[in-house]
Each structure stands twice: as C-alpha cells, then as structure tokens.
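K.L.:
Here are the chains, one letter per residue:
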Amino acid sequence: MNDVAIKVENLGKRYQLGQRNATTLREAVGHLGRRLLGRGRNEAAAGPVAGEEESRKHIWAIRDMNFEIRRGDVVGIIGRNGAGKSTLLKILSQVTVPTLGRAVIHGRVGSLLEVGTGFHPELSGRENVFLNGAILGMSRADIRRRFDDIVAFAELARFIDTPVKRYSSGMYTRLAFAVAAHLDPEILIIDEVLAVGDLSFQKKCLGKMDQVARGGRTILFVSHSMQSVQSLCQSAILLEGGRVSLTGTATEVVGEYRRRTAERAAQGASLAERTDRGGTGAARVVDVVVRDADLRATQWVTTDEPCHIDLHYQANEPVENIQPGLGLDTPGGLRALTLFGDFTGHAFSAPAGQGVLRCRIERLNLRPDRYSISAFLGNRHGAFDVIEYAGELEVTDSSYYSTGHYPDDSQGPMIQRHDWSHPSADSTLEGRGGQSADTSINHLPMERQQQ
Amino acid sequence: MSEIDRQINPTGAPVEVTIILPHRGYRTLALGMMWRARELVVLLASRDVKIRYKQTILGGLWAIIHPIVTMIVFTILFGRMAGLPSDGSPYPIFVFAGILPWQLFASALSQSSNSLVANQNLFTKVYFPRLLLPISSLVVAMVDFALALLVLIALMAWYGVMPTWAVLTLPIWLLLALASALAAGLWFSALNALYRDVVHVVPFITQLLFFLTPVVYSSSLVSDKWKLVYGLNPMAGVVEGFRWALLPSAPAPGALVAVSACVVVVALVTGLLFFARMEDTFADVV
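Protein chains in written order, with the numbering used here: chain U, 1 to 451; chain C, 1 to 286.
This is chain U alone, in the form it adopts within the complex (with noise of 0.2 Å):
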C-alpha cells in the first residue's frame, strides 16, 4: 500500500486567450468537425507547438508541474495571483481536464473553490444544505446525519427555515461555510474560500479545518494568507509562472516567498500595479505613506512616539462600511501587531475614486526593527484588498529603556514601560530605612529611578 495522496505528472494546461469567437461559420463549422473527428485531441497530445501564432492565442496557466503529496500531510499552495493556483486545484478537482500530463488521485475527494456553490436565494436554509451538500458530494443520509451539527455551527436554529435571500451575508456565509466544514472526503482540496465570512467565524472554521487535519486527511489549501498556511499547513508548494518552483516546509516556503514578494516591492512595481493580492476588487490599496506625529511623511518612526500611515485606495465603486486593517510583520514574518478598524469600531464608506484613510498610533511600542507593512480593506462580509508588503515601517530607537537596550528579535517584538521591585527583600529593609538599601538596584537600574 503506498502512500501517495496525490501525484502531478508533467501537468499543463493552455487556455486560449480572449473569447473563442469563430469570426465566420465556416470556421466554427471546421472546429467542431475537428473536435467531432477527435483530431483536436492529437493536437493536444502532440505536445505544445511553439509556433508564433500558437503563443498568441493560449497561455499555458500551468506548464510541466510535478508534485507529490502524501497521505495525511496538510500542503499550502502559494504563489503571486496567476501563478496557477486556481487551475491545479481546478484539474485537481475535476472541474476541467489538463492539456497535458496526468494526476493520481488515491482517495475520494471534495473540493471546494466556492463556498455556498448551488445555494439558491429563494430556498431555505434546509433546502440549501442538502442541495449545497449534494453538489459537494455528500449523500443524502450523510447530510442528514450531520444536519442538527451543520446547523448549530453556522448558529442559524432560528432561521433554517427562512429563505436564504433574507439571510445577512455574514448569515449566508455561515451556512456556506458550515456545509463545507462538514464534508468528510479523505483528500480536501480548498480554493481560498476563507478570505470572507466574518474574522470570529473565520477562525472557527480554521480551527474546524485544523481538526480535520489531525484526523489524518490530506489537505490542500491554497490562500494568500501567508498566516494561516503557516499555522494550518506543514509543508508548502510555492508556484510561479505555473511551475512549482520551490516546495520544502511550510516555514521555509513562505519565508522565500515572503523574501521575493519583497524583492519584487523593493524593485519599484508601484502598490497600485501590483496583482499579487486577493479580494474582490471594489476598492485597491494604491499606495501607503507613513508619517511622524506632525504629518511628515518619513521612512523611520521612533519607538514610543506617536505616528500615522496613510492608506491611500482606489474605490472602482461605491463602498460602505470599509474596515481598514494594517499588519506590521517582523522581517522573520512574523505578525508583530495588527491594526484594524474592527478593533476600534472604525468603519467608512467612500464614494467612486481616490481618497486616503488614516490610521494614528499613540505610541508604538515595538522594538526597533524593519517592519513590513500589510494592508487590508474590507468590510464584515468579505475583503476588498489584501495586499502583503505595502510598504515598509522603520522604528528607530529612542530613549525607551534608558539603558539603550532592547529585545533582540527572540526576545518578541513588544517594548512596554516596566519597572522592578524586590519586594520579598523591601519588606524586611523597608523598616531600616527603604530601598536605596537594595543592592539589586545596582544590577538592574531602573529607568524612573534615574530620570
């Protein structure tokens, strides 16, 4: 019995490129004929033809990918927007043929590059979670068996019988999401669904998701969320220009693709060009500006004194209730401090075009270091734009501790306003006269002491 999950053999997939528009009926009469007499598939076999006019009809989105994945491991798929992401799990998932190649699958699979596919707004909730579950591949008795839990983990006992089309997003996505959490296929294949649905509800369906994968399932998870592949997965594929270009843990993956991501920013593609970001797209992050306490824009911050960055986006349409969100991640990748207008009960709405949203920091508390900016708009029911290395924050040092010391990057990312005591010692010197008498003090000069 081997152990082999999945198996990508020399994968590929041209897509042709603008609309298949026969310009005359000939034409399409002679495809279809061609695609009758099946000579359209030795074509295909004959491997891709480099002619020039061939290139400038398709785009390989996925070209000679060879992969394996065993049984049990949860992989995390990466990579920039069109990197191919979408179409391996699409092949994977059955959802379209490849050009080229083949795949093994050993195990039954349920895939999910949607989340509520087939719910239909006219039907209840009941109806769409047994039609949803179908569709997804649960029989009937599965759905059955598993109502009463699909129900209490979206929360909505009230509402199953109420059309879905008076349901909130957040509502419906619960649902959706809900449905999908259940499934129960021995290979998982997830398309970045997780990018909507509120922030609490997201994370109890990663948690749902991580017990899964304890259970010994093969996961493969594709997000931009560089975050949950690192939490969730434990090993990564990161793919570019539809090759896998580097495959390992998902730590080491994640950590080279952060360094290109970064490269690639520090190259000058300006923030609004870029494609490497998710969300729907109604407003775009096209530049992001940190300025100092008098609103200069600057590069550096001093530790402890106060600051503002700037989002600048680009709203494509009218946008209510925008939440905006800032990560700053330590160069390692790790998240040191996350900003977030759902935190602080900050949500705006902006009409069509530019305009800047700004977030002020009383002090920052972080330890001097180079920090990368994430940023983020959205509002409860999904994201607008997700964009990692939006820029940079510097923080410089300051007089924080008066010693001039600070913690190096294992000692965490916090600088906070502590002091010492040695009170088990003061209770014994306090009555001979206080505690100038303690010799600790020498050790460890505390930093009011000496002001």
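Hints in this document: simulated from the structure, not taken from any laboratory. Do not rely on the hints blindly, as some may be mistaken.
[Claimed, not checked] Computed cross-link-like contacts, PhoX-like style, restricted to lysine-lysine with a CA-CA straight-line distance of at most 25 Å:
#, chain 1, residue 1, chain 2, residue 2
1, C, LYS54, U, LYS165
2, U, LYS165, C, LYS50
3, U, LYS204, U, LYS165
[Unchecked claim] Some chain C residues judged to face chain U by a derived CB distance under 7 Å, without partners named:
#, residue
4, VAL15
5, ILE19
6, ILE20
7, PRO22
8, GLU39
9, ILE51
10, ASP280
We put the CB at the ideal spot given by N, CA and C, even for glycine.
Fit chain C to the given chain U structure using the hints.
P.N.:
Below, chain C without anything else, positioned relative to chain U:
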C-alpha cells in the same frame, strides 16, 4: 476516467483511485456514475420545481392556465372559425390532447437547452456528471405536464369521452416526447455553452416545429405520400400516438411513428456522444 481500485488500505476499505487525464473520453455516459449521482438529479430537479412558482400569486395554477387559455383560443380560431377537422372528437379535447405533449416537449427543450448556461456557477466549481443538468431540467416540464393532464382528464369526463385500452401506451408517448426534447436539448445545451446564438435559435426552431406538428390540425390532412417525411419531425409521431392513446375516435398512428422513433433514437445517441465529447471543455468555454 475513474475506477475503484481494489487495493486494500489498512482500514480494509477499498481506496478510490482517480486518474486525471487530458481527456475524459465518454465517461459521463458511465451508468454507474450517473447512478451514484441520482440524489443530485432529484435535488436539482426539486430546486427547479420549487423556485419556478416562488413569489407568484397563482403559483402552480400557471401550469394549467397556460394550456387552458391556449386551448380556448385554438378552439375558437381553428375549431370554430377555420373549421379544422378533429377526427371525430370534440375539438377542445382534440386540441388539448395535442397541446399537452407539445408543451411538455417545448418546455423540456427550452429548459434543457439552457441548463448548462443556467448552471455554470455549479459545474465550474464542482465536478459531477454534466449530463445531470439537461436530464434534471426535464423534470420541471414533467411536473407542469402532470398538472395539465389532470385538466385533460376532467375535460374528458365532462365530454364523456372514455379512453380505450390504448391508454396503456401513454407512457411510451411520454417517453418519446422526453427523449425528443433531451436529444435536441443535449445538442443545444452543449452548443449554447460555446455560442449563445442558441438562445435565439431554440425558440425559433420550436415555433417552426409547432406548425409541423399536428397540434391544431389532424395529420390526416397530410397526404399519404408525405406522411413518412412528415414523421421525420419526432413530435408528429408523439402527438399522433398521444391522441390515439386517449381519444377513442383518433386513428391509430402508422408507419409515421416508426419514422419518428428512429429519428429520436438517432438524435439521442448522437446527442449523448456529442455532449460527452464536448464535456471536457464546458468549464473552460462557458
């Protein structure tokens, strides 16, 4: 190209092995796969039936209002004013017995032709045999048909028309009507995924076929030497057979039905092959 590999894994259950290749071949026609997906057919069909009359005041009544009003208009226009013969049955019953199978065909055809495009959000996200879509879309037409059939029974009771033993052949004609609709639906739905021209072609063809089908008139108006050619329209045979099954005075359909049945079989088989051949590309081109 899916098969159950009889390897035994540690838990003793067979491991399903899926081999994904550039071409699925005619896999969609595998009956096993269709059988496993039968629950989905039922759910898709019941979804379509449930939403058909949602948020309407008259609801399912529309399924009988349409044929009744059509029958009244045809009776006045063709029965009274034009005085078309009705093979010895009261004209209203004669024409209603024609409208019924015709509408079953016409609505099944239009639903199934549109089934791929209407469900593209499904099959571009999840794999299931695409053939389920045109098949499940026949069910809605059947529900409407069943309701209208009740009206015909009431109408026959009112006029005191009793069917003969020929009524036992009714399922054959229904099957033939559905097979005709599915055959054309397979071709049109696959083509529709590629060329939306089909949306405009189908109503047009349906309208032309209507005049070539003995709904308002009797096929006895067609001269014998043209009868067989006339039978190339499969619905000609179906409507003739349907009338004969229900109305005692209707003449037994002859060779015309054999021609119709052959056309249906050929169209259905080629339709299935064409659909299966095109299936690989649906998700990419729709």
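K.L.:
Give a verdict on every hint.
P.N.:
Tested hints:
no.	hint	result
1	C/LYS54 / U/LYS165	holds, 12 Å
2	U/LYS165 / C/LYS50	holds, 15 Å
3	U/LYS204 / U/LYS165	holds, 24 Å
4	VAL15	holds, 5 Å
5	ILE19	holds, 5 Å
6	ILE20	holds, 4 Å
7	PRO22	holds, 5 Å
8	GLU39	holds, 5 Å
9	ILE51	holds, 5 Å
10	ASP280	holds, 5 Å
Going down the numbered hints, you'll see the structure goes against none, and every one checks out.
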